[in-house]
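Novice: Please build the complex by placing chains B and C with the ligands on the supplied structure of chain A, with the hints as guidance.
Sequences listed follow chains A, B and C, in order. Heads up, the first sequence is in the UniProt record's numbering, so the first residue is 1 and it goes up one at a time. Heads up, the second sequence is in the UniProt record's numbering, so the first residue is 1 and it goes up one at a time. Heads up, the third sequence is in the UniProt record's numbering, so the first residue is 1 and it goes up one at a time.
Careful, some of the hints might be misleading.
[To be verified] Partner residues are not named here, just some residues of chain B that face chain A (Cβ under 10 Å, in silico): (1) His49; (2) Pro51; (3) Glu54; (4) Ser79; (5) Cys369; (6) Met399; (7) Gly400; (8) Leu437; (9) Asp441.
Hints were generated in silico from the structure; no laboratory data involved. Glycine residues also receive a C-beta, built at the ideal position from the N, C-alpha and C atoms.
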Amino acid sequence: MPDVVVIGAGIVGAACAHYAAEAGLTVTVVDRGPVASGTTGAGEGNILVSDKEPGPELDLALLSATLWRELTDPAGPCALAAEYEPKGGLVVASSAGTMSVLADFASCQAKSGVEHSVAADPREIEPDLTPKLAGGVFYPQDAQVQPMLATAALLARATRRGAARLATGTEVTGLLRAGDRVAGVRTERGDIHAGAVVNAAGTWGGEIAAMAGTELPVAPRRGFILVTEPLVTPRIRHKVYTAAYITDVSDDSAALATSAVVESTMAGTVLIGASRERVGFDRTPSVPALRTLAAQAVALFPGLADRHVIRTYCGFRPYTPDHLPVIGEDPHTPGLFHACGHEGAGVGLAPATGHLVARLLTGGAVPFDLTPFRPGRFA
Amino acid sequence: MDEQAPDYDLAVIGGGPAGLAGAAAAAREGLSVVLLDAGPRLGGQFYRHRPGEEPARLKALRRGLASGVEVLLEHRVWSVERRPPGFAVHCLAGTRDERPVAVGARALLIATGAHDLALPFPGWDLPGVMTAGGAQALLKGGVLAGRRIVVAGTGPFLLPVAASLARAGARVAGVFEAGPLRAPALALLRRPGRLAEAAEYGRSLLEHRIPYRGRRAVIAARGGDRLTHVTVARVDAAWRPAGGFVEIECDALAVGYGFVPQLELAVQLGCRLGPGPAVAVDAGRRTSVPGVYAAGETTGVGGADLAEVEGRVAGRAAAADLGRGPRPDPGLSRLADRLTAFARSLRDAYPVRDGWRAWLAGDTLVCRCEEVPYSRVREALALGATDARSVKLLARPGMGWCQGRMCGYAVACLSGEDPALVTPSRPVAQPIRLGALASGDAERP
Amino acid sequence: MTAEFEIAFDGTPVPAASGQTIGAALHAAGIVSWRTTRYAGRPRGLFCGIGACFDCLVTVNGRPSLRACLTEARAGDDVTSGPDVIRAEGSPDG
Ligand SMILES: Cc1cc2nc3c(=O)[nH]c(=O)nc-3n(C[C@H](O)[C@H](O)[C@H](O)COP(=O)(O)OP(=O)(O)OC[C@H]3O[C@@H](n4cnc5c(N)ncnc54)[C@H](O)[C@@H]3O)c2cc1C
Ligand SMILES: Cc1cc2nc3c(=O)[nH]c(=O)nc-3n(C[C@H](O)[C@H](O)[C@H](O)COP(=O)(O)OP(=O)(O)OC[C@H]3O[C@@H](n4cnc5c(N)ncnc54)[C@H](O)[C@@H]3O)c2cc1C
Ligand code: FES
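Next up, chain A with everything else stripped away, as it sits in the complex:
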């Protein structure tokens, strides 16, 4: 019998399993699909501090940025091979007005520990950008990882050390109880008993919470990504996005919002993401969403106009009404811990989430106040 069952083999479940294993617990990770088959396999791998305003999410993001560096450090104990690139982010403004808002935003973030430098001419940092920009801010702590590889590598490390077991193709259909406490999970393939259960079911986290009678309003927020042909020019060295992205992320409306984030990958393709709209789990391709992303990318990098989009895909971010993830013990069911609802930042926030969940599981001290993330806040 494992100490913990983690529901979900996405990036968040993998990070929870990893840190729980490091803390000496034995873990079984269950997923109804293969590894990274949920939103983790349908998003991007930006690890951003730049887009977060001072507050609890930024604290989480800063901790995560440090942990990602540790996890992927080739000389470190984990040395995860996950295409980690500490490339930095460049946020650009098209008008002087936006630029001054952006600069103010950056100086606020600085008080929380976000490093930045103001770039009067963003083309000194990113030469193929359009000349029609009023300025930009460079954030050296922003980084990138390949989320599917990262997930698989975290899980592989924990299983290789004998601390974890991975059960793919196993759907959780209910929770086991011993009195008030959770005592494991019921799956299609039989019961798995455990002293604690972690709900890392991402966009489907609300369904798991409901099994414990807890309401977690996690809803899908669709995002489309454009993928270009592999290319050399224009060269895109950092992750580049417009200041409008920050307002889109925190926007509550269900309607389509897009603000292109442009970045290259080690495979040579450029990813252009991402739209945001709440339309349920509808995968029907949306030409207007694709068109807007393309227009925004070409506006940033005119040299992209000649390059092909060879693929698009969409994913469903685990959205919560206050845009904060849910991290903490269930209000009614001791032993059930929620770690879901990371919306568009789950990859970035995964290590910190895993680290905190491991502390909660082992009764250790947590580095900061988790009240804003508590599962009971929607009641």
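Specialist: Using the frame of chain A, we list chains B and C with the ligands on its own:
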């Protein structure tokens, strides 16, 4: 959404035998029809030809378009979507400059045909190795794939390929059928009309002294920067190499294991698939999405004659559904049934067997575009990938330019999935330049 | 087929006929590969012949990433190896 009246009653996508016949049949019943094709001339794969050398049957089919079919050539469809009360067809017009154009229609007929089914083997990416259909297409454009050519794979299509290459002056060093040899004759015999055709190919092979061997497969292609030899082996019933290795000198290999229907547009619209890799249709070639019809290879590989008949059925059904009420034609449905049964028996006679996996070495490329070797696919499986999608996410096969068209079958098999059940999801059916995507569609051409 | 005009491939004249694709013209001239892959630098030419495999990409008159098997030759076309992807470092997944 803006509800404007669609430009046409019916948009037919694909100008091969299925699309041509479908457009003509619908127009005959009074529908306004637009026929779109990516190529510069009508005809599809079967009637591919050089300018001025139009095959007689194609000429006849094209005459059927005179009654009110607008033909838009060099229009590549990259996306189709519902636009009530019909559909929007997003095209790229032109082959080099690619203007985005949208066409609206009340109903759609998807007749986009197929491409060859390729299987990986060591050296299959050497220049000089081509698909059987590719060699045939090149020849219909007036160019021989090589001087000394080996033809290999499975299925009855290998025979016309070998015969036409030989007739055009190539030395065909052999035709190697991975299945047993008896099959083609038997299957062809079920349809007497084909007997003559089969005999003609047989005569051709004899006349050109082309060896035709069963239970033989090309398991490797060799050469430095171009093909110089292939290794042919005897294979067992599962297609595993079973000795009898011979090296054959050649400068071209035409290899095909059947065809893969091009389903991306149907998938974009949410049409149900199956059985097998094909759009599911009823007797009127209606898909599961009202207003969308499919014909030809997209509904299951069956050859040009069947494609034409299916197109006709679909065009008439579309007209009937739009209230034109064509007279019933029981003869047509009987013909369709007969040809379908024949096509199915042919497909059943040439299944792809699993033993091709034994041709692979660790460094054999599975994905040509992303250069993913077999060893990396195995690593992904060891990391917890259990299906084609997760193998792709971890190791990148199918992530490149062709979007898995060439490796999809193999990757599905190697991931433990039935390739017939993997839905080819390609929301961008044809690559589109960002500038063209950004600029938006011009309304009518 | 009688040559009707010439195109240039990386500066070398190649005969072509109207209605013939650039890929067919190159292949007929004995040029069976015209680009290299981005990791191992392997040569690529025609494979599927009908626009499905994207092996045959070329740059024509500066227009990158066109399929040679689909693009019909025009007199004076300046065809260069393409696409202009330089060799990526390391293995495909970095
Ligand atoms: C277009 C797009 C772009 C994005 N870009 C970024 C980015 O740049 N940076 C970033 O940080 N984030 C990004 N995100 C968000 C990020 O992808 C998600 O926040 C993150 O992947 C969530 O991870 P997860 O592990 O919580 O969920 P998931 O990866 O969805 O994992 C949950 C798993 O739970 C499993 N599951 C669910 N229910 C059950 C059950 N009953 N039984 C068994 N298993 C179950 C699912 O199968 C799934 O595998 C993006 C998202 C999208 C859609
Ligand atoms: C390369 C190749 C060569 C073949 N050669 C022969 C042969 O010599 N003899 C034989 O008996 N059979 C041959 N076949 C089999 C052939 O598929 C059928 O015999 C027959 O042509 C099928 O007719 P169809 O109308 O279903 O499709 P096709 O004839 O394939 O016609 C489909 C048409 O759709 C167009 N199209 C596809 N996608 C799009 C899009 N997104 N936008 C716009 N247009 C699109 C294509 O340009 C094509 O013209 C060949 C198949 C292939 C793949
Ligand atoms: S040869 Fe396959 S796309 Fe041109």
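Novice: Hint by hint, where does the structure go against what was stated? Just the numbers, ascending.
Specialist: Hints 1, 2 and 3 are the ones this structure does not satisfy, whereas the remaining hints hold.
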